[in-house]
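Q: These protein sequences, in sequence, are chains Y and L.
Take the first sequence: its position 120, counting from 1, is numbered 120 in the working numbering, and each next residue is one higher.
Take the second sequence: its position 62, counting from 1, is numbered 62 in the working numbering, and each next residue is one higher.
In case anyone wonders, no lab produced these hints; they're calculated from the structure.
Do not take every clue at face value.
[Claimed, not checked] If you want the footprint, here are the derived chain L segments under chain Y, 3+ residues with CB under 8 Å:
#1 50-59
#2 130-141
#3 184-191
[Said to hold, decoys possible] Computed Cβ-Cβ distance ranges for the label pairs, DEER-style:
#4 G116(Y) <-> Y245(L): 25 to 31 Å
#5 P14(L) <-> W115(Y): 52 to 58 Å
#6 M179(Y) <-> H189(L): 41 to 47 Å
#7 S212(L) <-> A214(Y): 48 to 54 Å
#8 L293(L) <-> Q57(Y): 22 to 28 Å
#9 A214(Y) <-> V98(L): 29 to 35 Å
#10 K37(L) <-> W115(Y): 57 to 63 Å
[To be verified] Derived DSSO-like pairs (lysine-lysine); straight-line CA-CA distance at most 30 Å:
#11 K244(L) <-> K82(Y)
#12 K82(Y) <-> K37(L)
#13 K204(L) <-> K86(Y)
#14 K122(L) <-> K37(L)
#15 K122(L) <-> K86(Y)
#16 K244(L) <-> K37(L)
#17 K112(Y) <-> K49(L)
From a predicted model like this one, the values you see are computed outputs, not experimental measurements.
Cβ atoms here follow ideal geometry from the backbone N, Cα and C, with glycine treated the same way.
Here is what each chain is made of, one letter per residue.
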Amino acid sequence: MSGILILEQALNGLQFGLMLFLLASGLTLVFGIMDMINLAHGALYMIGAFLTAWLVQLTQSFFLSVFLAVILTSIFGMLLEKTLLKSLYARDHMSQVLATFALILILNESVKMIWGTDLPLSSPDYLSGPIEIIPGLMYSSYRLVIIATGLLIALFLYLVVTRTKMGAWVRAGASNREMALAMGINIDILFTAVFGLGAALCAVAGAMLAPLLAVQVGMGENILILAFVVIVIGGIGSVWGAFVGSLLVGCVDTMGRSLLPFMFREFLPPQWAGAAGPAVASILVYVLMAGVLFVRPQGLFNQRT
Amino acid sequence: MSLHPHQSSPNPVPLAQTLGVLAILILALAMPFLLDKIGLDYYLGSLTKMMIYGIAACSLNLILGYAGLVSFGHAAYMGIGAYAVGILISQGQVNAWVDISFSVLLCAFLALLMGFICLRTKGVYFIMITLAFAQMLYYLSNSIKAFGGDEGLSIKSRLDFGIQLSQKSDVHLYFLVLIFLILSLYLIHRIMNSKFGQVIKAIKDDDVRVDSIGIHAFKYKLAIFVIAGALGGLAGALMVNQQKYVSPNLLHWTQSGTLMVMVILGGVGTLSGGLWGALLLLTLESVISEYTLHWQFFVGWILLAVILMAPKGLASFSALWSARSKGRDQVPKVKTIKP
């Protein structure tokens, strides 16, 4: 185990964490402002990836496809909010969970009917090669693009939330919904806008991660649960919490999976290390969550007043 | 009864309900013979599976319906209960009473640990945390190669129940599961009609008030969480016998979702709601999947329609019906009670 390997895995963790942040930030705002649990958030991530893969076949251009897919997914998300999810705001959490669970079944099956269970998608050719960032460390240029995209979007979100009128509404809504309502914030528009933004961020994450993982039905649910872990750690309604939580979860998960087996081999007999490494790595994120909850049941940066 | 209102028991069971339960019981007992007569004995296995899911869904209803705690990780207990029995059988321990007790106790202990952390949180947090812990166990079961990893464990023999039961007989398994189902429902009935059950219902309404009158709500929540987990483990232990196979899929989060769907279809916070929901959902699944590969699409729409239009599931129909019949009875009743 060398310094280079650790650095490489840390970069992978950062890259995964930033994409996780794109999902978690939308999700945490929907939770925080609308007090709504939306399991179908992961389905938007899947739709973004499928749309990109499909559009690449049509347009032959990766980034144009990502751009179009983000817009289409955002429109789809807003339509979904206007037609269906809106009627769930007033319902209890269990109805929201079950209705959005039903929505997952419907959307997954619809995608299967339209495109099949999976689509091929690879990163553009000019980004396929690795480049040397520091002497001795060759790193995938596509992953660097993901990191740059993630950081830019995080900065953009930070500016929107802290510097714009809509951001002020969002912060007001997350910290005290009733009071924000009483102050005359137009929640109809705000909710739809937040939902559209969340859907767009999902699509970016889906499209960017798709060449690394796989475009397949069910891809949304696995990452959704990690996004939940992020929100629990970061605190509901806090974009900053989602950012910190995402990077923590991304790094712990990625580095745990790649480095733990090495570490176990140092201390444990090989037959034990081979079995324990993957097992411990697979639950590390959840242990982290349990630890945070035990100390702070409301998450690290809770926005609720 | 209406002439002596003070002497009647607090929860009089109407005659119609008693007769209904008896009729269902007789039907359930006669089912294997009926199916055999009409040549559909193939479906006995499906019916057994439905009853096992019924036990799991009814146990989930304890926390979800009665206590109002939206737990999204109930599949964990079913899965761990199933794995416990599966592993014991593959190690050569086939005594049913030993294995089932072990898996029930293991799940109770697991629920104690998970409840201790999860119940510190509320609302959306609670949903997400129960989901995350269940998912953690799912990944764990996937990654432990000694227990089959992602391929799962095949079980060669069913449990040995000691009494004269042939190992292979599906009919015997059906009756065993039926007995466990009846015992579970009776247990839930007794729990919910006890003082303990009253506190649980009060917690659902307002746990801060329960705390403020000097009852430690957390302890009660933890207790009901543990009971529900133990019953979920029982369902898992029975499931191994039905399927002769354990795989991580039993712990997958969609299983938790399915159990919740069963509860809401059958009726939240009703004794047998989970059972009816399990029967309805699994029947619906198998009927629709005869016609189309994309059955999930249609099940999704049906589910969505139920949640939006009949939020209490089947219970909303029976409530409607009983409200109407009550209305019929009550008009003269009010007159006779007049002092």
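Q: Take the hints in turn and mark each one as holding or not.
A: Now the hints, each set against the structure:
1. Residues of the region 50-59 of chain L with a Cβ under 8 Å from some Cβ of chain Y number 0, which does not satisfy the need for three, so the listed coverage is violated.
2. Judged by the Cβ-Cβ criterion of 8 Å, the region 130-141 of chain L is covered by chain Y as claimed, because 7 of its residues qualify and three suffice.
3. Check result for the region 184-191 of chain L against chain Y: violated, 0 residues qualifying (beta carbon to beta carbon below 8 Å, three or more required).
4. In this structure the supplied range 25 to 31 Å holds for G116(Y) paired with Y245(L), their Cβ-Cβ distance being about 28 Å.
5. Between P14(L) and W115(Y) the beta carbon distance is about 54 Å. The supplied range of 52 to 58 Å therefore holds.
6. Checked against the given bound of 41 to 47 Å, the beta carbons of M179(Y) and H189(L), roughly 45 Å apart, stay inside it.
7. Distance hint for S212(L) and A214(Y): a CB-CB separation of about 53 Å, consistent with the stated range 48 to 54 Å.
8. In this structure, L293(L) and Q57(Y) meet the distance hint of 22 to 28 Å, their C-beta atoms being roughly 24 Å apart.
9. Between A214(Y) and V98(L) the CB atoms are about 44 Å apart, so this pair departs from the stated range of 29 to 35 Å.
10. Against the hinted window of 57 to 63 Å, the Cβ-Cβ separation of K37(L) and W115(Y) comes to about 47 Å, which falls outside the hint.
11. Distance hint between K244(L) and K82(Y) is unfulfilled; the C-alpha atoms sit about 47 Å from each other, more than 30 Å.
12. Proximity of K82(Y) to K37(L) is assessed by CA-CA distance (about 53 Å); at most 30 Å being required, the pair is judged violated.
13. With a CA separation close to 26 Å, the supplied pair K204(L) and K86(Y) stays within the 30 Å bound.
14. Only pairs whose Cα atoms come within 30 Å are accepted, and K122(L) paired with K37(L) is rejected, the gap being roughly 52 Å.
15. Restraint check for K122(L) and K86(Y): the C-alpha separation of about 23 Å stays at or below 30 Å, so the hint holds.
16. This hinted pair checks out: K244(L) and K37(L) have alpha carbons roughly 26 Å apart, not beyond 30 Å.
17. Taken as a hint, the K112(Y) and K49(L) pair is honoured in the structure, with Cα atoms around 28 Å apart against an allowance of 30 Å.
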